[in-house]
Amino acid sequence: METEPSEEASTSAHEHPSAECLELFRHLSEYIDREIDVVAYRVIEQHLKDCPACRICLATLRQTVSLCRSMHDSSIDIPETASQKLHQAIRDYIAAAQPFS
Amino acid sequence: MQNPEKPKKRNDDDEALIRAINGGDIGRFDELVRRYENQLYNFGRRMCNHPLDAEDMVQNTFLNVFRYLKDFRFEAQFKNWLYRIAASTCLKIKRKSKFSPDDPLSLEEMLSEASGETPTEIPPWASLPIDRLLNSELHDRLQKAIHELPEPLRVVLVLRDLEGFSTQEAAQILDLSEANIKVRLHRARLQLRKRLQEYFSYGN
Numbered sequence: 176m177e178t179e180p181s182e183e184a185s186t187s188a189h190e191h192p193s194a195e196c197l198e199l200f201r202h203l204s205e206y207i208d209r210e211i212d213v214v215a216y217r218v219i220e221q222h223l224k225d226c227p228a229c230r231i232c233l234a235t236l237r238q239t240v241s242l243c244r245s246m247h248d249s250s251i252d253i254p255e256t257a258s259q260k261l262h263q264a265i266r267d268y269i270a271a272a273q274p275f276s
Numbered sequence: 004m005q006n007p008e009k010p011k012k013r014n015d016d017d018e019a020l021i022r023a024i025n026g027g028d029i030g031r032f033d034e035l036v037r038r039y040e041n042q043l044y045n046f047g048r049r050m051c052n053h054p055l056d057a058e059d060m061v062q063n064t065f066l067n068v069f070r071y072l073k074d075f076r077f078e079a080q081f082k083n084w085l086y087r088i089a090a091s092t093c094l095k096i097k098r099k100s101k102f103s104p105d106d107p108l109s110l111e112e113m114l115s116e117a118s119g120e121t122p123t124e125i126p127p128w129a130s131l132p133i134d135r136l137l138n139s140e141l142h143d144r145l146q147k148a149i150h151e152l153p154e155p156l157r158v159v160l161v162l163r164d165l166e167g168f169s170t171q172e173a174a175q176i177l178d179l180s181e182a183n184i185k186v187r188l189h190r191a192r193l194q195l196r197k198r199l200q201e202y203f204s205y206g207n
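Respectively, the protein sequence lines represent chains A and B. Residue numbers for the first sequence follow this note's numbering, so the first one is 176 and each next one is one higher. Residue numbers for the second sequence follow this note's numbering, so the first one is 4 and each next one is one higher.
None of these hints come from the bench; they were simulated from the model. For every residue, glycine included, the Cβ atom is placed at its ideal position computed from N, Cα and C. A hint or two may mislead.
Derived pair list, reagent style DSBU-like, types lysine-lysine, alpha-carbon separation capped at 35 angstroms [stated by the list, open to error]:
{"id": "1", "chain 1": "B", "residue 1": "Lys82", "chain 2": "B", "residue 2": "Lys197"}
{"id": "2", "chain 1": "B", "residue 1": "Lys82", "chain 2": "A", "residue 2": "Lys260"}
{"id": "3", "chain 1": "B", "residue 1": "Lys82", "chain 2": "B", "residue 2": "Lys147"}
{"id": "4", "chain 1": "B", "residue 1": "Lys73", "chain 2": "A", "residue 2": "Lys260"}
{"id": "5", "chain 1": "B", "residue 1": "Lys197", "chain 2": "A", "residue 2": "Lys260"}
{"id": "6", "chain 1": "A", "residue 1": "Lys260", "chain 2": "B", "residue 2": "Lys95"}
{"id": "7", "chain 1": "B", "residue 1": "Lys95", "chain 2": "B", "residue 2": "Lys197"}
{"id": "8", "chain 1": "B", "residue 1": "Lys197", "chain 2": "B", "residue 2": "Lys147"}
{"id": "9", "chain 1": "B", "residue 1": "Lys95", "chain 2": "B", "residue 2": "Lys73"}
{"id": "10", "chain 1": "B", "residue 1": "Lys73", "chain 2": "A", "residue 2": "Lys224"}
{"id": "11", "chain 1": "B", "residue 1": "Lys82", "chain 2": "B", "residue 2": "Lys95"}
{"id": "12", "chain 1": "B", "residue 1": "Lys95", "chain 2": "B", "residue 2": "Lys147"}
According to the in silico footprint, chain B covers these stretches of chain A (three or more CB under 8 angstroms from chain B) [unchecked claim]:
{"id": "13", "region": "203-210"}
{"id": "14", "region": "217-225"}
{"id": "15", "region": "239-246"}
{"id": "16", "region": "257-269"}
One chain only, chain A, in its complex shape (with noise of 0.2 angstroms):
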């Protein structure tokens, strides 16, 4: 279960975006992913409970992420005459470099 900065936060008590928002955004993925250091990712952790407005931007940005991964699932089998013709294909490819084998 991921931890989400709480929605008790405080309001923001700045103008979005500031600097420190633009700056957040940029490695936004990065905290998504928890590919940055626990450093940065605390920094990030305390805006987002000052800021609501980057709060919004995390949730659109993680469900983007979620929907994506769920798109795996709607894998599918080759069709059955393209997997035939590929390994015809790879037969032929094979034969004709190998002739006298």
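Given the coordinates of chain A, work out where chain B should sit on it, guided by the hints.
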């Protein structure tokens, strides 16, 4: 760290099979193709607009794999090497296609635009469980939006968020730095987020 797509261990079954093929049992190449043809076909569908392009990509990729399999040194997972060839093949097919979107906004422009939004509450679509949100219409819209991403962004998004490769693996597959992968992935996600916002604001 929560990234679910951690680097995987080498698939020993692949290694044994490849050693057999390279040792002369060429007939078993068919087995290798069967092992990965569905995965590659789905990768092709996500990368190419047309299913026939995906089929061409799969065929061209496996022919290249056959040509160069003797050069595979088992230093990386075979699957990653396979995707490296597949990604390169996809891009060649796409270059022949008339569809080639313009370069997107720079990250600076996107950041300025996106971070400047001042909504007052989280929109409903961003808080619904995915299984309640993702219907076939949204699926098709999202697939279209992914296809419309510029190639350099699309290939990174597909590898990372749809195929499940880690940043490190995607960097190896595309021969890019991890920093570059992260920047491209962020740009791709921001573009899709914008499309989703538009869809939920005006598209329903």
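Outcome of the hint check:
Taking the CA atoms of Lys82/B and Lys197/B, the gap is about 32 angstroms. The hint holds against a cut of 35 angstroms. Under the criterion of a C-alpha separation no larger than 35 angstroms, the hint pairing Lys82/B with Lys260/A is consistent with the structure, at around 22 angstroms. With a C-alpha separation of about 26 angstroms, the suggested pair Lys82/B and Lys147/B falls inside the 35 angstroms cut-off, and the hint holds. Note on Lys73/B and Lys260/A: the hinted pairing holds, with a Cα-Cα distance of about 24 angstroms set against a maximum of 35 angstroms.
For the suggested pair Lys197/B and Lys260/A, the alpha carbons sit about 40 angstroms apart, so the restraint of at most 35 angstroms is broken. Between the alpha carbons of Lys260/A and Lys95/B the distance comes to roughly 21 angstroms, so the proposed pair stays at or under 35 angstroms and holds. For a cut-off of 35 angstroms, the pair hint linking Lys95/B to Lys197/B stands: about 28 angstroms separates their Cα positions. The straight-line distance between the Cα atoms of Lys197/B and Lys147/B is roughly 13 angstroms, inside the 35 angstroms bound, and the hint therefore holds.
Of the supplied pair hints, the one linking Lys95/B and Lys73/B holds, its CA atoms being roughly 23 angstroms apart against a limit of 35 angstroms. Under the criterion of a C-alpha separation no larger than 35 angstroms, the hint pairing Lys73/B with Lys224/A is inconsistent with the structure, at around 55 angstroms. A C-alpha spacing of about 20 angstroms is found between Lys82/B and Lys95/B, which places the hinted pair at or below 35 angstroms, so the restraint holds. Restraint check: the Cα-Cα separation between Lys95/B and Lys147/B comes to about 20 angstroms, which is no more than 35 angstroms; the hinted pair holds.
Only when three residues or more bring their CB closer than 8 angstroms to a CB of chain B does the claim for the region 203-210 of chain A stand; here the count is 6, and the claim holds. Counting residues of the region 217-225 of chain A whose beta-carbon sits less than 8 angstroms from any beta-carbon of chain B gives 0, not enough to reach three: the coverage restraint is violated. Counting residues of the region 239-246 of chain A whose CB falls under 8 angstroms from any CB of chain B gives 8; the rule of at least 3 is met. Three residues within the 8 angstroms Cβ limit are the bar, and the region 257-269 of chain A against chain B gives 10, so the coverage statement holds.
When the structure is compared with the earlier hints, violations turn up for hints 5, 10, 14 and for no others.
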